[in-house]
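Protein chains: 2
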Amino acid sequence: MASFSCPVPYVVRCSIAKEGGDFNRQRYAKVNGGIIRSISEADLLSRSAKASRALIPSVAENGFVVKEDVRQKIPTKKQLVDPYRQGLIIEGGVGYRQTVVIRSYEVGPDKTATMESLMNLLQETALNHVWMSGLLSNGFGATHGMMKHNLIWVVSRMLVEVDHYPIWGEIVEIDTWVGASGKNGMRRDWLIRSQATGHVYARGTSTWVMMNQQTRRLSKMPEEVRAEISPWFIEKHAIKEDAYEKISKLDDKAKYMNSDLKPKRSDLDMNHHVNNVKYLRWMLETIPDHVLESQQLSSIILEYRRECGSSDIVQSLCEPEENGILRDVDMIEDSEISLLNGFSLASEILKGGGLLGSFDNGTLRYTHLLQIEGEAKNEEIMRGRTTWKKKVTTTIPFSTQ
Amino acid sequence: MASFSCPVPYVVRCSIAKEGGDFNRQRYAKVNGGIIRSISEADLLSRSAKASRALIPSVAENGFVVKEDVRQKIPTKKQLVDPYRQGLIIEGGVGYRQTVVIRSYEVGPDKTATMESLMNLLQETALNHVWMSGLLSNGFGATHGMMKHNLIWVVSRMLVEVDHYPIWGEIVEIDTWVGASGKNGMRRDWLIRSQATGHVYARGTSTWVMMNQQTRRLSKMPEEVRAEISPWFIEKHAIKEDAYEKISKLDDKAKYMNSDLKPKRSDLDMNHHVNNVKYLRWMLETIPDHVLESQQLSSIILEYRRECGSSDIVQSLCEPEENGILRDVDMIEDSEISLLNGFSLASEILKGGGLLGSFDNGTLRYTHLLQIEGEAKNEEIMRGRTTWKKKVTTTIPFSTQ
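Residue numbers (the numbering used here), protein chains in the order written: chain B, 1 to 401; chain D, 1 to 401.
Treat the hints with care, since some could be wrong.
The list makes no distinction among identical chains, and a pair is therefore deemed to hold if it is satisfied within one copy or across any two copies.
What the hints assert, rightly or not - The calculated DMTMM-like cross-link candidates involving lysine to aspartate or glutamate, where the alpha carbons are at most 20 Å apart (straight line), are:
hint, residue 1, residue 2
1, Lys-377, Glu-321
2, Lys-377, Asp-82
3, Lys-391, Glu-68
4, Lys-391, Glu-116
5, Lys-390, Glu-68
6, Lys-77, Asp-269
7, Lys-249, Glu-228
8, Lys-264, Asp-110
9, Lys-67, Glu-235
10, Lys-67, Glu-379
11, Lys-236, Glu-380
12, Lys-262, Glu-321
13, Lys-264, Glu-293
14, Lys-67, Asp-110
Don't read these hints as lab results, they were simulated from the structure.
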């Protein structure tokens, strides 16, 4: 075993001669913050020699295709650890934690992760949670029971608060778990934490309901599905809200408006919806440049009202609340809320908790509306609120906790 | 040690009480294709109890900020393995391999990874290669020597061939390595391989030169930089090209044209360039919908001519080559090539090898041009070529290699 340049607390060596395969595949392990190294220089040389052979035949040359399920390997029973996703089951067996490195293309010009990237990672960890549960059917997060009833998940509300954006190359841990939301809904929460210090960088909470894939109407939760998912529910909240603040509906007197926005093919996700991230972009593109440069997005609330199809033409409206003075902050009424194509959904699904907290004078807030430009009338896609605070430099000296 | 639902060939257990930390951090290991599990149910319960405590203080509440270098932990010497990036050094110590799971937001409506996502992963693995080398300075892939001379990398040409797009949840291995390209350039190649079968899904090659960050002019490679990077060069090619095919310059007679395209803030990368992926989107948005639906992008060539700033207005032109008949396929002349702001670059940097191969009648090819709409004249940003072939279903039965 060769020695390496940094301390190796514990060493395991192994190599596999994979039957029919071209390569020895060595694996490594992380233990005690140190590394179990499974690679010796001899291994490296032998691997290198093999890899340096004439070009490896490509799929096309062999004309082989492997079945989707063989390629995906979706677990059919609960898994506690996934080494490839760097995920593990936590919270006494019902929560999920994934270790993630912030990638170079997930950060903006200032080297910090964008809200878009964070929301992508929230989606990814949510799906990997279902993946690990053994409940995942072939759909986009749908369980076997949901597939049977032709149901898909739709998000009705999402709130993300970011205290600190991770930077390029930083390692974070994302925890996610689910709970009940009224009779027919599910809450999903997240915490994003610095892997190095354990400090919380961001928190998220969201509410999900089921929609029939054919009729595109919301559905009650079938008992069969409840039996699948309710054992995973816990009563833990990433964000403490006493009641929801109401987001008023903007009209064409809004200060900023971008019109004639068209979804592109590349904006559709596996459910053939316009992706969340596109909504977020449309919202943020109405924010003035000087704000984007000097401020950082500290929280975002998205309330989804209806689907947006690939042929819709969209308008993004935005209205600032000057000087951080709160406006339109009425409690949501405890009545029926019209959501998605006129389907009425008990507000209990949406009920949760409190105001976003108090605001400094320097805090900026914007109310947002995305709507489909209709001939007779416009149809709401989403209401939103963004809160912004002054950017802080990340390069001041380390201070101990 | 609790028993788990799937075979555990080898078990290591360990836990860390991290000094001053909130959590025990358990690590796991992959060995011989099996899994070294480091988590027992007792561990899980104890972890869960800790995680379920009252909410963990956030960064803002503590007012602490950690220095960038502490958060990034860029290695100052060569690393052979990175467990978080799932990366390791191969090719006798000079190449890099990273294992990657295709994420839910990296795939399109058909569940296969998009070309955009693949190009993002190529960028990511290239940077992680430099990261592991110990040469990375604080810039976007620049070495210490480059920083000293105020140099950044710019890509002058990129070719990606995809035989098979990985699907959501599929595990791939991406190999990357570098070689010399003429006197002042560097070639970087990639292979994307199925982790399960070892078959090659995609190949890439690219040519890079150095640019002065202030003057925005191309630079020779300083000897100090050559000394840093040349020990990493190898003579291995992911794609065999005998000579480059020339991409003709389109004019306003091109069949498809999208005008008035404006880069958004979110399109800028850490170098404050408009990101590659944005160029790709602008190119692909000119391709007719029926092609995007029935065909898959099997190869793409990008030839970069000049930078695009955030205030430029861009035009994307596209011209089909009907019936796959090759046009404009002249060998590139062995003369000086004008590149980026009039800087002349010896064509030897760009020289490499041959035609893309022969084409079936069903293959579609498009020539692309991105240019800045100027008052006096338009300035070329990029020429490109895309090749498309009929989509194949991924669900036909597994056939052995």
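Between Lys-391 and Glu-116, at a C-alpha cutoff of 20 Å, which is it: within one copy, between copies, both, or neither? Classified as within; 17 Å inside a copy, 30 Å across copies.
Copy assignment of Lys-67 with Glu-235, given that the CA separation must stay at most 20 Å: Neither: 39 Å inside a chain and 35 Å across chains, both beyond 20 Å.
Checking an output row: Lys-77 and Asp-269, CA cutoff 20 Å. Within, between, both or neither? Answer is neither: 26 Å inside a copy and 41 Å across each miss the 20 Å cutoff.
Pop the pair Lys-377 and Asp-82 into one bin, within, between, both or neither, using alpha-carbon distances up to 20 Å. For Lys-377 and Asp-82, the Cα distance exceeds 20 Å both inside one copy (49 Å) and across copies (55 Å).
Status of Glu-68 relative to Lys-391 across identical chains (alpha carbons, at most 20 Å): between (45 Å within a copy, 15 Å between copies)
Regarding Lys-262 and Glu-321, is the shortest C-alpha distance of 20 Å or less found within a copy, between copies, in both, or in neither? neither (28 Å within a copy, 28 Å between copies)
Is it within, between, both, or neither for Lys-67 and Glu-379, if the alpha carbons may be no more than 20 Å apart? So Lys-67 and Glu-379 fail the 20 Å test inside a copy (41 Å) and across (47 Å) alike.
Please sort Lys-67 with Asp-110 into within, between, both or neither, judging by C-alpha distance up to 20 Å. between (42 Å within a copy, 15 Å between copies)
Which holds for Lys-249 with Glu-228 at a C-alpha limit of 20 Å: within a copy, between copies, both or neither? So Lys-249 and Glu-228 fail the 20 Å test inside a copy (37 Å) and across (59 Å) alike.
Classify it for me, Lys-264 with Glu-293: is the Cα-Cα distance of at most 20 Å met within a copy, between copies, both or neither? between (27 Å within a copy, 13 Å between copies)
Using 20 Å as the alpha-carbon threshold, which applies to Lys-390 and Glu-68: within, between, both, or neither? between (47 Å within a copy, 19 Å between copies)
At 20 Å max between alpha carbons, let me know whether Lys-236 reaches Glu-380 within a copy, between copies, both or neither. neither (32 Å within a copy, 55 Å between copies)
Figure legend: structure checked against the earlier numbered hints; hints not met, in rising order: 1, 2, 6, 7, 9, 10, 11, 12.
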